[in-house]
Amino acid sequence: MLSPDIQTRVLELGSFLHPTLAPWIFTAYRKTVTSQPKLYGMMYRYKHKKSLNRFTRLALHRIFYAHAAEVIAQLRPDTVVCTHPFPSAVISRLKRTGLNVPLCTVITDYDAHGTWVSPEVNKYLVSTPDVKRQLLARGVAADSVEVTGIPVHPNFWEPHNREELRTRFRLKAMPTVLIMGGGWGLMDSEPFLQHFTRWRDRIQLILCLGNNEKALQALSEDERFRHENIRLLGFTKEVDKWMDVSDLLITKPGGMTCTEALAKGIPMLFYKPIPGQEEENLQYFTEHGFGEQIRSEETIEYWFKLLISRYPDMQKRRIRLNPQTSGYNPMNSIHAIMDILQRSRGFIESSKPASIELQTSLELQSK
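Residue numbers (my numbering): 192 to 558.
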């Protein structure tokens, strides 16, 4: 712990304030994205340079503002950190009506959509210099934007003993592929899954389905996946370790998952990016040589054959980011938030550290 004097509360805005309504909204959003990706992409691009419209702000007001104000009044945070545009919009409105608390918004993609932008945000923490340039082009002050990289859990920056993990997870010492994205349509593609099973005698497959219990049950009952080299996972808090025992990651190009894989140095194959932020993420990671888009079965065949022919050298050749040479230090965002927090209480660097009292930081997230 960097500072025992700082107390942090992490709240998922929808689930905390509306535990019944939030899952319904999330499910409706997911179905729209997966069933109508072109429509979602059109909406994303149309609104790319625009802030939230009046109707959306009104909806957020009806659903969240009053309850959010009560929570903040009760917790009395010294700083609010938001990792999604909607909570950021909620806090921005509260600031317009008198809330005097610094607002820090962490943009968790490799693109700056207009919905992130609000004049009430005191500091933006962004993934790359390009995202900073996008914000500056929308009129955000340069001193309000800091390039820190997307923060991921410290476990993703720590390498684990691969042999010990293999023993613990009951895995073989053979080429291993981790497949993630069960909740967003990746596991619903019959031809895609069928193609995987053809490799099960030569490649170890780990399918992580997260909270998609329906897909987990269906695959568990499918004879093709009842094989000694196929592991089906539900929700797990040890994704960092599963990445360490894998030689290749197949995933949707979401900002957080890809950044976690980037920290682990595992090569990535990207499956059907959703038009919008996933396309922007895909462009960043492919342009920098961290992964490749799956355009056909030939892409999978090329990489799987490469794993088989070059195993175990693939694991040794991982490109792990060096914080000292890449400029992507995992502590950058943490230090930036701590600086905002200290300044919000009037503790500039010249003050005595012993005078820092118990402080509370409230993070509002949205799935």
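Just so you know, these hints were derived from the structure itself, not from any lab.
Glycine included, each C-beta is placed from N, C-alpha and C at the ideal position.
Hints may contain errors.
Below, a list of computed lysine-lysine pairs in the BS3-like style, where the Cα atoms sit at most 27 Å apart [claimed, not checked]: (1) 286 with 323; (2) 496 with 363; (3) 286 with 363; (4) 405 with 463; (5) 443 with 496; (6) 323 with 443; (7) 443 with 428; (8) 443 with 432; (9) 405 with 443; (10) 463 with 443; (11) 314 with 363; (12) 363 with 323; (13) 432 with 405; (14) 405 with 428; (15) 463 with 432; (16) 363 with 432; (17) 496 with 463; (18) 496 with 432; (19) 314 with 286.
Here are the in silico distance ranges between beta carbons for each label pair [said to hold, decoys possible]: (20) 359 with 391: 16 to 26 Å; (21) 408 with 359: 19 to 29 Å; (22) 288 with 504: 17 to 27 Å; (23) 200 with 425: 42 to 52 Å; (24) 497 with 266: 21 to 31 Å; (25) 478 with 257: 39 to 49 Å; (26) 321 with 391: 32 to 42 Å; (27) 499 with 417: 31 to 41 Å; (28) 200 with 501: 42 to 52 Å; (29) 321 with 365: 17 to 27 Å.
Looking at the structure, which of the earlier hints fail to hold? Numbers 3, 11, 12, 22, 23, 24, 27, 29, in rising order.
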